[in-house]
Amino acid sequence: MKVKQAIINHFQDTRIKKEQTTKVFDINFSWEFTNLSEIISKPRFIKYLNMKYKKDFNKKTISYFNETIDQIRIFNKEVDQSIWDYLIQTNNDKIIYNIYEEFLVFMYSSIKVFINDILIEQMIYWNEEIEIKKLNNKHYDSHLYFNLEIQKYKNNYQKFLYKKLKTLLKEEPNNSVIGIIVQAYDENIKENEIKLVELKQAALLKYQKELLW
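Every position in the sequence shown, counted from 1, becomes a number in this note's numbering once 108 is added.
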């Protein structure tokens with residue numbers, strides 16, 4: 109675990125940009141990325157957003173926000189532990205270091221995209237009680253579509269791990285443990301892709317023609 113933490117510390121010291129910026133609804137927001145496990149300081153994040161949003165977030169919005177961040181933190185921690193457990197099935201230190209560092213890059217990028225492109229917008233949807241989201245001339249329930257986005261986030265991690273596990277198996281074709289894990293991921297990814305379709309259909313509002321903008 110000391111080796112793992114050393115890789116994380118080096119990555120955070122050299123690769124993470126603390127100050128993050130994004131534009132949502134023509135508002136330029138900024139926030140601070142703390143580290144890969146905490147991601148953000150919740151109170152500080154809300155304070156940063158309030159400065160630009162010019163409105164206070166209501167209790168419901170803050171509750172949804174807290175639940176989302178907690179969910180992402182727990183999920184990321186579980187995936188992080190999983191990939192490390194898989195990697196130490198090999199004795200190749202170079203492979204362990206390279207793939208784990210690639211994972212940290214992927215995690216960092218995924219978190220930023222989720223917060224910048226999805227979460228901040230959804231917080232405004234919650235706060236303004238905007239229940240309909242319009243995408244590609246189709247209308248969706250904004251709450252259900254957000255659930256879809258969270259599932260996409262999780263599925264992308266699964267696909268990343270699957271890709272790296274296949275790389276590992278190519279290097280060590282006789283590693284039966286990794287072979288079994290790859291097979292399990294293959295089946296699970298197919299199931300989750302079906303789940304995404306179902307979530308999108310559930311979010312799609314019926315009677316589209318009756319919705320006026």
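Derived from the structure by calculation, the hints contain no laboratory data. As the structure is a computational prediction, the values presented were derived from the model and not from experiment. We put the beta carbon where it would ideally sit given N, CA and C, even for glycine. Take these hints with a grain of salt, some might be off.
To be verified - Cβ pair distances, simulated, as ranges: (1) Asn244 to Ile124: 31 to 37 Å; (2) Gln179 to Ile124: 28 to 34 Å; (3) Lys314 to Glu237: 19 to 25 Å; (4) Lys162 to Glu127: 18 to 24 Å.
As the list claims (entries may be wrong) - Pairs of lysine to aspartate or glutamate, EDC-like flavour, derived with a Cα cap of 16 Å: (5) Lys274 to Glu306; (6) Lys260 to Glu209; (7) Lys262 to Asp134; (8) Lys185 to Glu237; (9) Lys163 to Glu209; (10) Lys163 to Glu229; (11) Lys160 to Asp178; (12) Lys272 to Glu209.
Outcome of the hint check:
1. Asn244 to Ile124: 31 to 37 Å: Once the Cβ atoms are compared, 34 Å apart, the range 31 to 37 Å for Ile124 and Asn244 holds.
2. Gln179 to Ile124: 28 to 34 Å: Check failed, 21 Å falls outside 28 to 34 Å.
3. Lys314 to Glu237: 19 to 25 Å: Holds, at about 21 Å.
4. Lys162 to Glu127: 18 to 24 Å: Since Lys162 and Glu127 have Cβ atoms about 20 Å apart, the given range 18 to 24 Å holds.
5. Lys274 to Glu306: Violated, because 28 Å separates the two Cα atoms, which is more than 16 Å.
6. Lys260 to Glu209: Answer violated: Lys260 to Glu209 is near 22 Å, above 16 Å.
7. Lys262 to Asp134: Distance of about 28 Å is beyond 16 Å: violated.
8. Lys185 to Glu237: With a Cα-Cα distance of about 31 Å, the restraint between Lys185 and Glu237 is violated, given a limit of 16 Å.
9. Lys163 to Glu209: violated, 39 Å
10. Lys163 to Glu229: holds, 14 Å
11. Lys160 to Asp178: violated, 24 Å
12. Lys272 to Glu209: Measuring from Cα to Cα gives roughly 12 Å; hence the hint holds.
Comparing the model with each earlier hint shows violations of hints 2, 5, 6, 7, 8, 9, 11; every other hint is respected.
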